[in-house]
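Here's the letter readout for the chains.
There are 2 protein chains.
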Amino acid sequence: MRNTAMGTASKAGAAALEANRDLIESDRVEGTPVYRSNGDRIGHIERIMIEKVSGKATYAIMHFGGFLGMGEEAYPLPWSVLTYNPELGGYEVNVSDEQLKNAPSYEDNVDWTDRNYGKRVADYYGVPPYWL
Amino acid sequence: MRNTAMGTASKAGAAALEANRDLIESDRVEGTPVYRSNGDRIGHIERIMIEKVSGKATYAIMHFGGFLGMGEEAYPLPWSVLTYNPELGGYEVNVSDEQLKNAPSYEDNVDWTDRNYGKRVADYYGVPPYWL
Numbered sequence: 001m002r003n004t005a006m007g008t009a010s011k012a013g014a015a016a017l018e019a020n021r022d023l024i025e026s027d028r029v030e031g032t033p034v035y036r037s038n039g040d041r042i043g044h045i046e047r048i049m050i051e052k053v054s055g056k057a058t059y060a061i062m063h064f065g066g067f068l069g070m071g072e073e074a075y076p077l078p079w080s081v082l083t084y085n086p087e088l089g090g091y092e093v094n095v096s097d098e099q100l101k102n103a104p105s106y107e108d109n110v111d112w113t114d115r116n117y118g119k120r121v122a123d124y125y126g127v128p129p130y131w132l
Numbered sequence: 001m002r003n004t005a006m007g008t009a010s011k012a013g014a015a016a017l018e019a020n021r022d023l024i025e026s027d028r029v030e031g032t033p034v035y036r037s038n039g040d041r042i043g044h045i046e047r048i049m050i051e052k053v054s055g056k057a058t059y060a061i062m063h064f065g066g067f068l069g070m071g072e073e074a075y076p077l078p079w080s081v082l083t084y085n086p087e088l089g090g091y092e093v094n095v096s097d098e099q100l101k102n103a104p105s106y107e108d109n110v111d112w113t114d115r116n117y118g119k120r121v122a123d124y125y126g127v128p129p130y131w132l
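Which chain is which? The protein sequence lines are A and B, in order.
Residue numbering for the first sequence is 1 to 132, as defined by our numbering.
Residue numbering for the second sequence is 1 to 132, as defined by our numbering.
Treat the hints loosely; a few may be bogus.
As the list claims (entries may be wrong) - Once the Cα atoms are required to be at most 27 angstroms apart in a straight line, the calculated BS3-like pairs of lysine-lysine come out as:
| hint | chain 1 | residue 1 | chain 2 | residue 2 |
| --- | --- | --- | --- | --- |
| 1 | B | Lys-101 | B | Lys-119 |
| 2 | A | Lys-119 | B | Lys-56 |
| 3 | A | Lys-56 | A | Lys-119 |
| 4 | B | Lys-119 | A | Lys-56 |
| 5 | B | Lys-56 | B | Lys-119 |
| 6 | A | Lys-101 | A | Lys-119 |
| 7 | B | Lys-56 | A | Lys-56 |
Because the hints were derived from the structure by calculation, they are not lab data.
Make a model of the complete structure from these sequences and hints.
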């Protein structure tokens with residue numbers, strides 16, 4: 001950044017930077033809205049799966065109530081396919097409709113230590129598994 | 001790792017590695033026990049503060065019900081002072097009794113975007129602020 005007097009643009013930049021640093025309580029994650037890049041709300045987060053040791057989010061467990069005819073099932077999305085948008089106050093998910101329609105669902109008794117399940121979800125979205 | 005046949009020790013190592021990869025649901029964080037290195041249970045986690053963009057844990061908000069005479073107040077601990085111990089099924093906190101007794105408490109309306117508050121907590125425990 002150039003050393004100029006702080007103008008409107010850089011103030012906005014600073015504000016955006018602050019917003020990027022926003023924190024959320026683990027017990028208030030539920031209900032966080034999820035959007036398309038165009039601003040369409042497509043669902044909400046039910047919970048985040050957190051790696052105990054590193055404290056890193058690995059999956060967002062999502063509900064798409066009615067979007068694309070998806071029912072009340074929950075779906076694990078790799079954290080890396082979510083982008084927080086401070087203006088929308090929620091996450092953008094940039095995957096195709098087709099991908100969402102056939103998304104691997106969140107089974108009730110998922111064994112999260114099962115690398116095959118983790119790999120299947122990651123492969124589905126074309127991202128590396130969270131442990132890599 | 002050397003290419004030897006898998007023996008008891010490396011099996012144990014693999015199991016520990018798996019345990020290190022354990023995940024926890026954001027809505028099940030509450031109540032996670034916190035220990036001393038000697039195994040004494042000293043309190044529990046009420047919630048984790050998660051950075052929205054990166055999805056990283058920044059603070060554990062802890063209760064020390066009665067430990068060292070600490071009351072029902074909550075205290076923010078920088079995530080970096082917690083170490084997950086798979087054997088105990090909880091986190092170890094390696095700070096001195098003296099540090100805990102005078103720990104900065106969690107004010108009801110903490111402004112998490114206030115760098116001064118974040119810096120004060122980090123400085124208190126002698127760790128870098130989470131944003132560095």
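Going through the hints against the structure:
no. : hint                       : verdict
1   : Lys-101(B) with Lys-119(B) : holds (19 angstroms)
2   : Lys-119(A) with Lys-56(B)  : holds (21 angstroms)
3   : Lys-56(A) with Lys-119(A)  : holds (18 angstroms)
4   : Lys-119(B) with Lys-56(A)  : holds (21 angstroms)
5   : Lys-56(B) with Lys-119(B)  : holds (18 angstroms)
6   : Lys-101(A) with Lys-119(A) : holds (19 angstroms)
7   : Lys-56(B) with Lys-56(A)   : holds (5 angstroms)
Violated hints are absent here; each numbered hint is respected by the structure.
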